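Participant: Residue strings, one per chain:
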Amino acid sequence: MMQNSAARRDLALGVIVVSLLASVTTAFPLFARPGNLAEILDDSAILILLALGQMLVILTRGIDLSIAANLALSGMLVALLNKNYPGLGIAPVLLIAIVSGTLLGAINGLLVWRLKLPPIVVTLGTMSVYRGVIYLLSGGTWVNDNHMSPQFLGFIRYELLGLTALSWLAIFAVAAFAVVMRYTVLGRNLYTAGGNPAAATYTGIDPGRMQCIAYTICGAIAGLCGYLWVARFAVAYTDIALGFELQVIAACLIGGVAIAGGIGTVAGVVLGCLFIGVIRNALPLIGISPFWQMGINGLVIVVAAVLSARRREDKRAILEAQAA
Amino acid sequence: MRRRAMLVGAVSLAAVMIAGCGERPQTSNEGNGSGDKLRIGIVAKNLGSGFFDAVHKGADEAAATLGAEIIFTGPTTPTAEGQIETLNALIAQRVDAIAISANDPDAVVPTLQRAMQRGIKVISYDSAVAKAGRAVHLAPSSDELIGQTVAQLASELAPEGKGKIAVVSATPTSTNQNSWLAQMKQALPQYPGLQFAGVVYGDDVADKSYRETVALVKQHPDLAVVVSLSSVGIVAAAKAIEDQGLTGKVKVTGLGLPSELVGYVRKGVVPKFAIWNPIDLGYAATQVAAQLARDAKPEDGNEISLGRVGAVTFDADGVGAMAKPFIYDQSNVEQFAAIF
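Chains as they are written, first to last, in this note's numbering: chain A, 1 to 324; chain B, 1 to 340.
Hints are computed from structural coordinates only; laboratory data are not their basis. Since the structure is predicted, the reported quantities are computational estimates derived from the model, not experimental observations. Be careful, since some hints might not be right.
Chain A is faced by these chain B residues, among others (derived, beta-carbon under 7 Å) [claimed, not checked]:
1) Ile84
2) Asn88
3) Ala197
4) Val200
5) Tyr201
6) Ala206
7) Glu212
8) Ala215
9) Phe340
Note that beta-carbon positions come from the ideal geometry of N, C-alpha and C, so glycine has one too.
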């Protein structure tokens with residue numbers, strides 16, 4: 001059984017998201033039109049994918065600050081590939097983006113696992129290193145839309161049943177994560193390794209190895225998102241997605257992932273992303289001052305952190321629930 | 001101890017000489033030996049850059065009309081140290097004037113002061129040198145001229161000069177952006193058909209600029225022109241308008257680089273935009289340098305002719321603006337996209 005507190009929290013967040021949607025719609029009737037909702041999903045898709053990866057890392061008591069730099073580096077790599085070999089088609093682009101992201105993620109994972117370095121230090125370092133490598137790769141120049149092939153730009157915009165390929169990718173990832181986290185040994189091991197590393201060790205799970213796996217999967221997702229980002233905004237340069245890692249972490253925190261590890265649900269993370277997605281699409285529409293927008297975003301994160309702190313006492317519940 | 005110091009000195013001297021060989025000045029007019037011909041050193045931030053090659057082209061054009069000789073030079077990498085070596089070489093060649101786009105406003109000042117002591121006229125262009133190190137600075141444009149140009153572009157792109165315009169800025173606290181915007185708003189009353197719908201802030205990041213642009217066209221379905229004065233903003237706004245299927249209906253314009261916007265110009269998303277013209281900048285810098293070398297006195301507020309580019313007056317700080325930003329459209333964007 002899913003522990004009750006998390007399910008209750010997800011439900012509460014869902015109600016908040018829906019009521020947020022409703023209140024924006026009263027102020028701006030066009031907001032809830034299916035077309036606009038599909039656009040919000042499209043806009044939130046990259047955030048959802050990244051937040052799912054980040055969730056794994058946070059669950060195992062880590063944090064990946066390099067996630068946006070990984071995205072940018074992998075994105076620049078495929079942008080340059082596409083610029084120089086426009087006839088390659090989409091499959092090699094996707095493959096190389098994922099492979100590059102996986103390798104960059106594995107570097108984080110191995111440093112954290114083998115050298116037992118603090119995750120925040122490792123990823124703070126690799127964040128800068130990866131950005132630096134983008135500069136070396138690109139020489140500081142931009143790759144623009146006229147350098148990108150129609151397939152490269154068109155793949156994520158391909159529409160099926162009213163949703164873009166980008167949205168479908170996010171939906172598929174959410175479904176896959178929901179199954180893996182709930183029903184597979186890997187998913188349960190990740191929860192256990194983060195929830196109580198000592199107990200995990202006694203049951204034969206190596207928490208360090210689980211951290212490494214989490215970073216590697218997170219990296220693979222970041223790499224894929226590198227292509228998605230570059231194709232969506234049709235531009236690649238050193239600073240793309242600068243600071244986006246904080247939005248990803250914020251989405252996880254709002255979604256109820258405990259920064260201390262071991263707690264968090266796929267549904268919560270998705271709702272956290274949709275919450276941010278609705279807010280950031282609604283605020284400019286209503287015409288709220290940009291200073292207020294920053295303030296509101298910050299307030300939401302602080303409130304989420306307070307809620308997480310209050311729940312810390314029932315943290316052990318997850319292991320008991322698992323044991324049952 | 002002394003021996004070591006001498007060794008270090010010898011090695012660094014050798015290093016300077018070797019480095020010097022790599023950046024031999026490119027003399028434009030060959031085989032001239034006349035003593036009364038002005039020799040003007042144009043110093044780039046670094047060699048091998050399309051932007052400065054265009055500056056060189058403009059400088060040669062001006063030199064041909066002025067009967068001057070251009071020595072176009074610069075370091076191989078954009079560093080202040082490299083520029084100091086380059087400047088020393090120019091001083092040794094006893095040029096009449098130097099025009100420099102500085103990699104560091106202060107680091108080159110002592111070297112330039114030495115040049116001025118030897119009677120060489122020094123100006124900076126593009127990227128300024130601190131006041132102590134030059135006679136005048138020729139800025140490519142001014143806030144006022146940028147504001148006027150952008151307002152004019154918006155009016156030209158709005159159907160029959162009528163319609164709503166909105167701005168996608170960078171961060172709300174960006175000094176440049178805010179002063180350009182203020183100047184644009186001042187120029188707007190000249191175009192009574194334009195209605196200013198508001199400013200949104202893309203924070204100079206692609207995703208936020210894109211999202212804000214989408215929100216703009218939803219909020220104002222009758223929007224005619226989106227103006228963005230940031231290079232990240234204009235690219236993101238153009239992509240958003242294209243993705244919304246509004247190409248041709250909502251036009252995007254503002255400040256951007258030809259190489260970054262050439263695709264959108266071709267597709268008609270950004271029919272025209274503005275940025276300074278590096279050829280004109282090289283041309284104008286050469287004009288100013290030549291006239292200073294011929295004893296023009298810019299510090300008295302006298303107007304200095306820039307030939308085909310117009311004229312410039314320098315303010316109390318010795319700063320003058322060349323011209324309005326240059327307009328790029330279908331007819332010339334491909335040519336300039338190869339340059340910068």
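Participant: Work down the list of hints and note, for each, if the structure agrees.
Facilitator: How the hints compare with the structure:
1. Ile84: violated (23 Å)
2. Asn88: With a minimum Cβ separation of about 28 Å from chain A (threshold 7 Å), the hint on Asn88 (chain B) is violated.
3. Ala197: Result: violated, 10 Å to nearest chain A Cβ.
4. Val200: holds (6 Å)
5. Tyr201: holds (4 Å)
6. Ala206: holds (4 Å)
7. Glu212: At about 5 Å, which falls below the 7 Å cut-off, the nearest Cβ of chain A leaves the hint on Glu212 (chain B) intact, so it holds.
8. Ala215: holds (4 Å)
9. Phe340: Because about 11 Å separates Phe340 (chain B) from the closest Cβ in chain A, which is outside the 7 Å limit, the hint is violated.
In the structure shown, a violation is registered for the earlier hints numbered 1, 2, 3, 9, in ascending order.
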